[in-house]
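Start from the sequences and build out the full structure, keeping to the hints where you can.
Quick note: the sequence shown, position 53, residue 53 per our numbering, numbers continuous.
Treat the hints with caution; some may be incorrect.
[As the list claims (entries may be wrong)] Here are the simulated PhoX-like pairs of lysine-lysine, each with C-alpha atoms no more than 25 Å apart in a straight line:
{"hint": "1", "residue 1": "Lys8", "residue 2": "Lys84"}
{"hint": "2", "residue 1": "Lys77", "residue 2": "Lys14"}
{"hint": "3", "residue 1": "Lys17", "residue 2": "Lys84"}
{"hint": "4", "residue 1": "Lys19", "residue 2": "Lys77"}
{"hint": "5", "residue 1": "Lys72", "residue 2": "Lys14"}
{"hint": "6", "residue 1": "Lys8", "residue 2": "Lys83"}
{"hint": "7", "residue 1": "Lys17", "residue 2": "Lys55"}
{"hint": "8", "residue 1": "Lys84", "residue 2": "Lys55"}
{"hint": "9", "residue 1": "Lys77", "residue 2": "Lys55"}
{"hint": "10", "residue 1": "Lys14", "residue 2": "Lys51"}
{"hint": "11", "residue 1": "Lys72", "residue 2": "Lys82"}
{"hint": "12", "residue 1": "Lys53", "residue 2": "Lys19"}
{"hint": "13", "residue 1": "Lys72", "residue 2": "Lys8"}
{"hint": "14", "residue 1": "Lys53", "residue 2": "Lys63"}
{"hint": "15", "residue 1": "Lys83", "residue 2": "Lys53"}
{"hint": "16", "residue 1": "Lys83", "residue 2": "Lys72"}
{"hint": "17", "residue 1": "Lys55", "residue 2": "Lys14"}
{"hint": "18", "residue 1": "Lys72", "residue 2": "Lys17"}
{"hint": "19", "residue 1": "Lys19", "residue 2": "Lys8"}
{"hint": "20", "residue 1": "Lys63", "residue 2": "Lys17"}
{"hint": "21", "residue 1": "Lys19", "residue 2": "Lys51"}
{"hint": "22", "residue 1": "Lys55", "residue 2": "Lys19"}
{"hint": "23", "residue 1": "Lys19", "residue 2": "Lys82"}
{"hint": "24", "residue 1": "Lys19", "residue 2": "Lys83"}
{"hint": "25", "residue 1": "Lys84", "residue 2": "Lys14"}
{"hint": "26", "residue 1": "Lys77", "residue 2": "Lys53"}
Think of the hints as simulated: they come from the structure by calculation, not from any bench.
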Amino acid sequence: MSQAEFEKAAEEVKHLKTKPADDEMLFIYSRYKQATVGDINTERPGMLDLKGKAKWDAWNELKGTSREDAMKAYVNKVEELKKKYGM
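Structure follows, in structure tokens:
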């Protein structure tokens, strides 16, 4: 998986015809963060920040996942979303 393929997928996901479902968004968000930042490095948001907590939890589940594996999962999911929602 090349950096260029990952960056292309990151750009393409912004141009889907329909916004993906919340669970799909969390999947791509968490893989993107794991691929670009690595293991989570922030405190869990407070109890009133439901969206922030969901994003944090999704990213935290990937702790220990390699950058390469996160990039592959991200690109594969974007390809799946392109077929499902169109560009």
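We went through each hint and held it up to the structure:
1. The hinted pair formed by Lys8 and Lys84 meets the criterion: a straight-line CA distance of about 18 Å does not exceed 25 Å.
2. At most 25 Å may separate the alpha-carbon atoms for a hinted pair to count; Lys77 and Lys14 meet this at roughly 13 Å.
3. A threshold of 25 Å between alpha carbons decides the hint, and for Lys17 with Lys84 the separation of about 10 Å falls inside it, so the pair holds.
4. About 14 Å separates the Cα atoms of Lys19 and Lys77, which keeps this hinted pair within 25 Å; it holds.
5. At roughly 18 Å between alpha-carbon atoms, Lys72 and Lys14 fall within 25 Å of each other, so this suggested pair holds.
6. Distance hint between Lys8 and Lys83 is fulfilled; the C-alpha atoms sit about 16 Å from each other, no more than 25 Å.
7. With a C-alpha separation of about 23 Å, the suggested pair Lys17 and Lys55 falls inside the 25 Å cut-off, and the hint holds.
8. Note on Lys84 and Lys55: the hinted pairing holds, with a Cα-Cα distance of about 23 Å set against a maximum of 25 Å.
9. Of the supplied pair hints, the one linking Lys77 and Lys55 holds, its CA atoms being roughly 17 Å apart against a limit of 25 Å.
10. Distance hint between Lys14 and Lys51 is fulfilled; the C-alpha atoms sit about 19 Å from each other, no more than 25 Å.
11. Annotation: proposed proximity of Lys72 to Lys82 holds, straight-line Cα distance about 15 Å (limit 25 Å).
12. Between the alpha carbons of Lys53 and Lys19 the distance comes to roughly 20 Å, so the proposed pair stays at or under 25 Å and holds.
13. Only pairs whose Cα atoms come within 25 Å are accepted, and Lys72 paired with Lys8 is accepted, the gap being roughly 13 Å.
14. Our distance criterion of 25 Å between C-alpha atoms is met by Lys53 and Lys63, whose separation comes to about 16 Å.
15. About 29 Å separates the Cα atoms of Lys83 and Lys53, which puts this hinted pair outside 25 Å; it is violated.
16. Taken as a hint, the Lys83 and Lys72 pair is honoured in the structure, with Cα atoms around 17 Å apart against an allowance of 25 Å.
17. Distance restraint check for Lys55 and Lys14: the Cα-Cα separation of roughly 18 Å lies within the 25 Å cut-off, and the hinted pair is therefore satisfied.
18. Only pairs whose Cα atoms come within 25 Å are accepted, and Lys72 paired with Lys17 is accepted, the gap being roughly 23 Å.
19. For the proposed pair Lys19 and Lys8, the alpha carbon gap of about 18 Å is at most 25 Å, so the pair holds.
20. With a CA separation close to 31 Å, the supplied pair Lys63 and Lys17 exceeds the 25 Å bound.
21. This hinted pair checks out: Lys19 and Lys51 have alpha carbons roughly 16 Å apart, not beyond 25 Å.
22. Proximity of Lys55 to Lys19 is assessed by CA-CA distance (about 17 Å); at most 25 Å being required, the pair is judged to hold.
23. At most 25 Å may separate the alpha-carbon atoms for a hinted pair to count; Lys19 and Lys82 meet this at roughly 11 Å.
24. For the given pair, Lys19 sits about 13 Å from Lys83 by alpha-carbon distance, which is consistent with the 25 Å threshold.
25. The straight-line distance between the Cα atoms of Lys84 and Lys14 is roughly 14 Å, inside the 25 Å bound, and the hint therefore holds.
26. As the CA atoms of Lys77 and Lys53 are separated by approximately 22 Å, the hinted pair is consistent with the 25 Å bound.
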